[in-house]
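Asker: Kindly produce the complete structure, drawing on both the sequences and the hints.
Chain order of the listed sequences is A and B.
The opening position of the first sequence corresponds to residue 1 in the working numbering, with each subsequent residue numbered one higher.
The opening position of the second sequence corresponds to residue 1 in the working numbering, with each subsequent residue numbered one higher.
Every clue listed holds true.
DSS-like, lysine-lysine: derived pairs with alpha carbons at most 27 Å apart:
(1) B:K297 - A:K247
(2) A:K89 - B:K89
(3) A:K297 - B:K155
Bear in mind the hints are in silico, worked out from the structure with no lab data behind them.
Computed from a predicted structure; not experimentally measured.
Protein chains: 2
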Amino acid sequence: MSLYLDATRCMPTSRPPIWIMRQAGRYLPEYRAFREKYGFLDMIRTPEIATEITLQPIRRFGFDAAILFSDILTVADALGSDLNFVEGKGPVISNPVRTMADADQLSSSSLRERLDYVPQAIRLLKTQLGDTPLIGFAGAPFTVASYMVEGGSSKDLRIMKELIYSQPETMEQLMDQLVKATADYLNMQIEAGVDAIQIFDTWAGLLSYPEFQSLVIRPIRAILNRLRNPAGIPITLFAKGTSVFWKELSQLPVQVIGLDWQVDIGAMGQLMPADIALQGNMDPMMLYASHEILEAKVTHILKSMADRPGYIFNLGHGILPDVNPDQVQRVVQLVQQFKNERIHA
Amino acid sequence: MSLYLDATRCMPTSRPPIWIMRQAGRYLPEYRAFREKYGFLDMIRTPEIATEITLQPIRRFGFDAAILFSDILTVADALGSDLNFVEGKGPVISNPVRTMADADQLSSSSLRERLDYVPQAIRLLKTQLGDTPLIGFAGAPFTVASYMVEGGSSKDLRIMKELIYSQPETMEQLMDQLVKATADYLNMQIEAGVDAIQIFDTWAGLLSYPEFQSLVIRPIRAILNRLRNPAGIPITLFAKGTSVFWKELSQLPVQVIGLDWQVDIGAMGQLMPADIALQGNMDPMMLYASHEILEAKVTHILKSMADRPGYIFNLGHGILPDVNPDQVQRVVQLVQQFKNERIHA
Chain A
1 MSLYLDATRC MPTSRPPIWI MRQAGRYLPE YRAFREKYGF LDMIRTPEIA
51 TEITLQPIRR FGFDAAILFS DILTVADALG SDLNFVEGKG PVISNPVRTM
101 ADADQLSSSS LRERLDYVPQ AIRLLKTQLG DTPLIGFAGA PFTVASYMVE
151 GGSSKDLRIM KELIYSQPET MEQLMDQLVK ATADYLNMQI EAGVDAIQIF
201 DTWAGLLSYP EFQSLVIRPI RAILNRLRNP AGIPITLFAK GTSVFWKELS
251 QLPVQVIGLD WQVDIGAMGQ LMPADIALQG NMDPMMLYAS HEILEAKVTH
301 ILKSMADRPG YIFNLGHGIL PDVNPDQVQR VVQLVQQFKN ERIHA
Chain B
1 MSLYLDATRC MPTSRPPIWI MRQAGRYLPE YRAFREKYGF LDMIRTPEIA
51 TEITLQPIRR FGFDAAILFS DILTVADALG SDLNFVEGKG PVISNPVRTM
101 ADADQLSSSS LRERLDYVPQ AIRLLKTQLG DTPLIGFAGA PFTVASYMVE
151 GGSSKDLRIM KELIYSQPET MEQLMDQLVK ATADYLNMQI EAGVDAIQIF
201 DTWAGLLSYP EFQSLVIRPI RAILNRLRNP AGIPITLFAK GTSVFWKELS
251 QLPVQVIGLD WQVDIGAMGQ LMPADIALQG NMDPMMLYAS HEILEAKVTH
301 ILKSMADRPG YIFNLGHGIL PDVNPDQVQR VVQLVQQFKN ERIHA
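Answerer: Okay, structure coming up:
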């Protein structure tokens, strides 16, 4: 049995499961020890290292789910984006997509071969994780396309927006390729044995409503339609900054919706259909709080979701690199102890 | 009669009024000509220059409202923040507020004297604007405090969040001072003759719901309660990224709510109380669009609000510095022509 999998199915659980976005990452000294020796892409592409990094936070904190150590840009890389990770700058793509010709040059012909390190890592992890479920993931087409077009991170997606508004055909061509490649990639992960999938659409909140429909909702729906998911493993969608469109999100065929830290998750729990589980949503910066405030905030979230089956504790975005792991330990303890409070209540 | 003022009161208008946030700014060559000769703060603090800059977009485009050329950080400066504008970096405050002692050092004792250039500019503008109404403005306490704490711009408010979560008393002290100073500042502008007020809470969307209530809704309500507004000039609130909390916003005693580009303004027009006017909400990056797409987008917004009294066309955030003024001209024409379409429809 798994608290996490039960919660994704909106089954009652003795306490909420907890995992944390980017839990295998730089805030952990044991992660930094590897990162000092290896390049980021090398770590992702070496199944033994990806496995070790994935396991680190499970060993330290006993999280209720593991998430494959990887990156949302693996698909861009496999399609032909020349991807590098530059210290202090993040992802850099030296051949950005700016024209139809650029989009036409992308190719999915060797996608499976180029991404084979991912199923390898998944199979290895499954032999070592025991009862802890493994979450596979992919970036949603819009967010991955944003990096491919901008050539890296961007706070406002200036170049991407110009492409959307002045070359819609190029945008459509790029999105079509990403929908197919992302569905293939997720199918590879399902075949290799992941227990759940999460789709990340980090930049979806920067779009206007018509583009939210055409570049977020429509392509994600197309991917979900292409999944071969015979065991019905649960799918989570985390589309940051889009809670104002909660109704559209809840009409997608997903089992879990991840919420960012902005909304009152208790209120969302009332609004959302009862057969959709919710995941979230503590402000990642709450991990800089004093002990007293951190405890009050965690408890507030737990209490506001205590009566709703289908709740998974998480942050409202990825954990930040300079967080003290002791703060994470406190949060994990609070969530684990909440079990006893409820049983004795 | 003024289209803008009528629309703020939800009176029917022959066409929607239009103005654009940051309309007096760097995208205009006539603005850049001044900026080459003067420092940004010098321009703001010299009533004749502030007047000239305010008038530039009115002369060029015939916008239906003028907005005082100034900055949301004037109040921080008057309270004792050592403010400078650094080319390519934006505002820099060299004595950021990080402790209670820092907050205690701020002083509003000479606020009126230090901000006297603002009413001077307003009085001068009122002699030159003719029938065009003049909008005065202030930054909301949370957004102004964010700059005062961070010491400048920040994409994630890392330092501000840590202060909120670990030194709530310091935060409260800073917010109290800003509430009083901002109310005084807006009262100065009302006394000097502005026809309307807009309050900008640019970073409000980065907060969680409890802090949205305590640091956005509560202080803005406190300011509104302190306004001496015998003529009942309309107040607009623009709190970027907070449409998910539209209900809380609409319960504030404001006449107009400015919407950012994310939401479907037509849908918001249905949800919001009929006595609240809406302003917005085209994506500022739509001004990079092809002519065809720009026209379709402007028309879509105009049509979606055509049946709702109380609508003011604007962007969903400030205009960007590299926009071609011809694109603005096209938008203005489309909005102005919409009048005729409706009359002949």
